[in-house]
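Trainee: Read off the chains here:
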Amino acid sequence: MPAPAARLMPLQPASPGQVLPAPPVVDLWWFDARAEIVRPADAAVLAAGERHRAKTLLSALGRHRFEVAHVMLRRVLAGYLAAAPGELRFGRQRCPRCGRGQGRPVLLPGPRPAPFFSLAHSGDLVLIAVAGRPLGADLEQDPAGCVCPVTEVLHPADAAGLARLAEPDRHRAVIGCWVRAEAVLKCTGEGIGHGLSGLRAGPAGPIRRVRGCSVRSLAAPPGYQAALALAGQGGVTGRPMAARPGPG
Amino acid sequence: MTAAVDATARGLREILATLTGRGELLALPAGTPLFGEAVALDSLTGTLLLREIQRRFGVDVAAEDLNLDALATLGTLAEFVAARRARAG
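Keeping their order, the protein sequence lines are chains A and B.
Numbering-wise, the first sequence is residues 3 to 250 according to my numbering.
Numbering-wise, the second sequence is residues 93 to 181 according to my numbering.
Next comes chain A alone, as it looks inside the complex (with noise of 0.2 Å):
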């Protein structure tokens, strides 16, 4: 039987004021993109750019996730900054460990404190997690076929671990163990490209002290895995957050 579902976001009103949870909890925004409507109104909150990538998609479904995606991420954020979702503004940190522009996507700053968040989406959900510090969630579908090849670039005791399974257990296992990797590489800000295999994440399961990093698979809608990493040692939980923003 599969991981008792997370409960995605039931439709309400828009939830200005929203408080940041103290560490270790962080607030987790969930949404099924097949239950949402995004109008020419809604998806003016996009700035021009987010637009102009949401037009170069190349079906309608993935232009209509990305732009639930984007749209809530807006809609999330300006609840805790009691701002207008159109008025955000985004940009990247550099990567800590190159220098590279490409490193945790912020909000540029305001007038008020900017909160903490990492954005995931896989098939037709989206996790936004929002917090006081340094954070990165990640969401990914379970396989339709096989994915051990990317055993081959996790670490090597994670990847000896992997490899005892048999499949297909195994390949939803990888995911468990990718999500967790991935979770804590966006909560340092590191670019994937500087690899996954010196960062022992460990498999799906209870919560892990990383790079710095406090790391914890959560429990996903069915078909689905997500991880939650928070900077520090302190430990992390997830926040399911009860109610849904509007358009603010």
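It should be emphasised that the hints constitute simulated quantities derived from the structure, not laboratory data.
Quantities reported herein were computed from a predicted structural model and do not represent experimental measurements.
Note that CB positions come from ideal geometry on N, CA and C, so glycine has one too.
There may be inaccurate statements among the hints.
Said to hold, decoys possible - Computed Cβ-Cβ distance ranges for the label pairs, DEER-style:
| no. | chain 1 | residue 1 | chain 2 | residue 2 | range |
| --- | --- | --- | --- | --- | --- |
| 1 | B | Arg179 | A | Ala165 | 43 to 51 Å |
| 2 | B | Arg179 | A | Ala159 | 30 to 38 Å |
| 3 | A | Glu89 | B | Ala155 | 40 to 48 Å |
Unchecked claim - Residues from chain A shown here face chain B by an in silico Cβ test under 8 Å; the list is partial:
| no. | residue |
| --- | --- |
| 4 | Ile39 |
| 5 | Thr58 |
| 6 | Leu59 |
| 7 | Gly64 |
| 8 | Glu142 |
| 9 | Val149 |
| 10 | Glu184 |
| 11 | Gly195 |
| 12 | Ser199 |
Take the given structure of chain A and dock chain B to it, following the hints.
Mentor: Below, chain B without anything else, positioned relative to chain A:
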């Protein structure tokens, strides 16, 4: 595009379509960014792509191109893989 690069690009399109389950990628123009929005490869699929390239073409892109500049577009990747295969003889 030379015949070798063209053939490599066709092979890469097949790999991409198989990995993503998206048949439209069989007609992907060479200049399309792989991690841009049109293809929108995520890091997991990108990793699977590199492992499949190594298996099918014998080229370890990640080991030979540390900045992964070859992954800019379908065309740059095809040229990189075709050049390495030609050099290896």
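Trainee: None of the hints should be skipped; say for each whether it holds.
Mentor: Hints versus structure:
For the pair Arg179/B and Ala165/A, the beta carbons lie near 33 Å from each other, so the given range of 43 to 51 Å is not met. For Arg179/B and Ala159/A, the Cβ-Cβ distance of about 35 Å falls inside the hinted range of 30 to 38 Å, so the restraint holds. A C-beta distance of roughly 44 Å is found between Glu89/A and Ala155/B, which places it inside the suggested range of 40 to 48 Å. About 21 Å separates the beta-carbon of Ile39/A from the nearest beta-carbon of chain B, more than 8 Å, and the hint is not met.
Taking 8 Å as the C-beta contact cut-off toward chain B, the hint placing Thr58/A at the interface holds, the least distance being around 5 Å. Among the interface hints, the one on Leu59/A holds; its C-beta lies about 5 Å from the nearest C-beta in chain B, closer than the 8 Å criterion. Given the 8 Å rule on beta carbons, the hint for Gly64/A holds: about 6 Å separates it from the nearest Cβ of chain B. A hinted interface residue such as Glu142/A counts as satisfied when its beta carbon comes closer than 8 Å to some beta carbon of chain B; here the least separation is about 6 Å, so the hint holds.
Hint on Val149/A holds. Least Cβ distance to chain B is approximately 7 Å, under the 8 Å limit. Proximity of Glu184/A to chain B holds as hinted, the smallest CB-CB distance being about 6 Å (cut-off 8 Å). Look at Gly195/A: its Cβ gets to within about 5 Å of chain B, closer than 8 Å, so that hint holds up. For the restraint placing Ser199/A at the interface with chain B, the shortest Cβ-Cβ distance is roughly 11 Å, beyond the 8 Å limit, so the hint is violated.
In this structure, the hints that do not hold are numbers 1, 4 and 12, in rising order.
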